[in-house]
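*Asks:* Here are the chains, one letter per residue:
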Amino acid sequence: MLSSPYINEKTSVFVIMLKVMLALVPAIAAYVWYFGPAILISLTIASVTALVLETIAVKLRGLPARPFLMDGSALVTAWLLALSIPSIAPWWLIVVGTFFAIIVAKHLYGGLGNNLFNPAMVGYAVLIISFPVQMTHWAAPYSLAGEHLGLADAAQYIFSGLLPDGWKLDAISTATPLDTLRTQLQLHRSVADISQMPIFGSIGGQGSEIVVLMFLLGGIYLWLTRIITWHIPLAFLGALALIAGIFHMVNPQHYATPWFHIASGGAMLGAFFIATDPVSGATTPKGKLIFGAGIGLLTYLIRALGGYPDGVAFAVLLMNITVPLIDAYTQPPVYGHKGIAK
Amino acid sequence: MSQYREIIINGLWKQNPGVVQLLGLCPLLAISNNMVNAIGLGIATTLVMAFSNGAVSAIRDWVTHEIRIPVFILIIAALVTVIDMAMNAFIHPLYLVLGIFVPLIVTNCIVLARTEAFAAKNPIFPAMLDGFMMGMGVTLVLTLLGALRELIGKGTLLSGIDLAFGATAKAWVIHVIPNYNGFLIAILPPGAFFGLGLLIALRNWWVQRSERNTAHAPVMSAIPGMQS
Numbered sequence: 001m002l003s004s005p006y007i008n009e010k011t012s013v014f015v016i017m018l019k020v021m022l023a024l025v026p027a028i029a030a031y032v033w034y035f036g037p038a039i040l041i042s043l044t045i046a047s048v049t050a051l052v053l054e055t056i057a058v059k060l061r062g063l064p065a066r067p068f069l070m071d072g073s074a075l076v077t078a079w080l081l082a083l084s085i086p087s088i089a090p091w092w093l094i095v096v097g098t099f100f101a102i103i104v105a106k107h108l109y110g111g112l113g114n115n116l117f118n119p120a121m122v123g124y125a126v127l128i129i130s131f132p133v134q135m136t137h138w139a140a141p142y143s144l145a146g147e148h149l150g151l152a153d154a155a156q157y158i159f160s161g162l163l164p165d166g167w168k169l170d171a172i173s174t175a176t177p178l179d180t181l182r183t184q185l186q187l188h189r190s191v192a193d194i195s196q197m198p199i200f201g202s203i204g205g206q207g208s209e210i211v212v213l214m215f216l217l218g219g220i221y222l223w224l225t226r227i228i229t230w231h232i233p234l235a236f237l238g239a240l241a242l243i244a245g246i247f248h249m250v251n252p253q254h255y256a257t258p259w260f261h262i263a264s265g266g267a268m269l270g271a272f273f274i275a276t277d278p279v280s281g282a283t284t285p286k287g288k289l290i291f292g293a294g295i296g297l298l299t300y301l302i303r304a305l306g307g308y309p310d311g312v313a314f315a316v317l318l319m320n321i322t323v324p325l326i327d328a329y330t331q332p333p334v335y336g337h338k339g340i341a342k
Numbered sequence: 343m344s345q346y347r348e349i350i351i352n353g354l355w356k357q358n359p360g361v362v363q364l365l366g367l368c369p370l371l372a373i374s375n376n377m378v379n380a381i382g383l384g385i386a387t388t389l390v391m392a393f394s395n396g397a398v399s400a401i402r403d404w405v406t407h408e409i410r411i412p413v414f415i416l417i418i419a420a421l422v423t424v425i426d427m428a429m430n431a432f433i434h435p436l437y438l439v440l441g442i443f444v445p446l447i448v449t450n451c452i453v454l455a456r457t458e459a460f461a462a463k464n465p466i467f468p469a470m471l472d473g474f475m476m477g478m479g480v481t482l483v484l485t486l487l488g489a490l491r492e493l494i495g496k497g498t499l500l501s502g503i504d505l506a507f508g509a510t511a512k513a514w515v516i517h518v519i520p521n522y523n524g525f526l527i528a529i530l531p532p533g534a535f536f537g538l539g540l541l542i543a544l545r546n547w548w549v550q551r552s553e554r555n556t557a558h559a560p561v562m563s564a565i566p567g568m569q570s
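If you're matching them up, the sequences are chains A and B in order.
Throughout the first sequence, residue numbering follows my numbering, covering 1 to 342 in sequence.
Throughout the second sequence, residue numbering follows my numbering, covering 343 to 570 in sequence.
FYI, nobody ran anything at the bench for these hints, they're computed from the structure.
Just so we're clear, the structure is a prediction, and the values are computed from it rather than from any experiment.
Since no wrong hints were added, every one of them can be taken at face value.
Residues from chain B that keep clear of chain A, each with C-beta distances beyond 10 angstroms, as calculated:
(1) Ala400
(2) Asp426
(3) Leu438
(4) Cys451
(5) Ile466
Between beta-carbon pairs, the in silico distance windows are:
(6) Arg545(B) with Gly166(A): 53 to 59 angstroms
(7) Val334(A) with Val518(B): 55 to 61 angstroms
(8) Lys286(A) with Ile411(B): 44 to 50 angstroms
(9) Ile246(A) with Val515(B): 51 to 57 angstroms
(10) Met70(A) with Phe535(B): 30 to 36 angstroms
C-beta atoms are modelled at their ideal positions from N, C-alpha and C, and glycine is treated no differently.
Just chain A, same shape as in the assembly (with noise of 0.2 angstroms):
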């Protein structure tokens, strides 16, 4: 707590993004340790096409376009993106998705601070419903890639799909752990009999848990530095945890452990840093721990009950709705004032 005079420590957008960045870069560095270094290319084709829209959809709407590309937003959004779809996926599909995030759920909704839906989850369920069988096809960990793709193979293979000669498809990539828990559950396999594959590691998925790691980290660093508060974080992954621990212990030949559900998948990144998105979440500290929970309830339901391995960008969407019902029913007491008459 300052004392007196209360001198306020100014933080701009473009140093919240910053921070955010700053915070990713462990899980990144881990990314390329595991999988490859095709994020970066991919990191990069994001980046690129959002700075590029982003000045686009404000010079049309007749906007300075340096305070709009310096405050970061746009390089955030590509960067989740990013890390949510395959490293190795086209370039088109990165292109496609960002077009959707900056152009459509951000600028067609008004721009920063407008925006109702959060842009990367909007870019992100484009690609998952209109190109089902890119969006499959993840880098393999390393630990498990028959071949291993160098920076200028990663390059090739993005922009012309075209794989070094006697490469197949399926020496670089693999579905993630989410998405073969799915598949061999409809074989009627058991979760102790399916974990036992080499793409599972000890608690998540083989590489991919030391990434989610990473992503705890940052969001660690994040509330530190006050950048998110701990209220959606802990009600995500608290309420996804205890829905996957019940349905665990109900039935645990079919339902995975909840400590599987935390460490796979976009549920880490979901929690720190995509629902976290102060535009388009809620704003009161018990709005916060319902929006949290309502996304880790609905996560666990789309990938348990649902058509897709992972749900994560459809809760967010889906919660993202409900802000204004939340905010409004949650407003806290004005001092002085006793709360809503019972």
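Starting from the structure of chain A, add chain B where the hints point.
*Replies:* For chain B alone, kept in the frame of chain A given last:
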């Protein structure tokens, strides 16, 4: 003559049901996933609207105010049944694709809205023209939206035309973008909302631009109550 001109302009542009009145959006959004479906439903709606407006106009002096709605609905339902059976008989494959949306023309609010707002107050010929032109307005928007969604979603135009004209028509399908991956969301319901939203925005932008261009001329809108 100017009266007919106005009816035509109202139906196709000024009061277009699809992008201005925003009436009858349910079939508009649901059936515009390709061009052939859109044109098929558009024409069916146009026929129903032209004849229901004519019939309502013909009996407008004998139907009392209190019972007009059920009478209008009965007339519309009878006409829709005729169209429905005709489509079932002559273009059966297309009928199967359009499915429930042909019978649902009865509940399409644009049909009732035109009988109520125009046909019940005007003579037969202008009423029929109004129904026809409003129907053409719907068809226009449906076709545009259908073409847009089909082009973006599948890279073709007029796919499924063989449903209406038999197997020989298969060759009429235009493959605008060869070897296209397909952009599925344009064909799915979200694409309908995005597409219609963009069409409405485009029309508003056009209207605002032309209003700005004529703004130099002395306008009457300074007088209160004269703004349209």
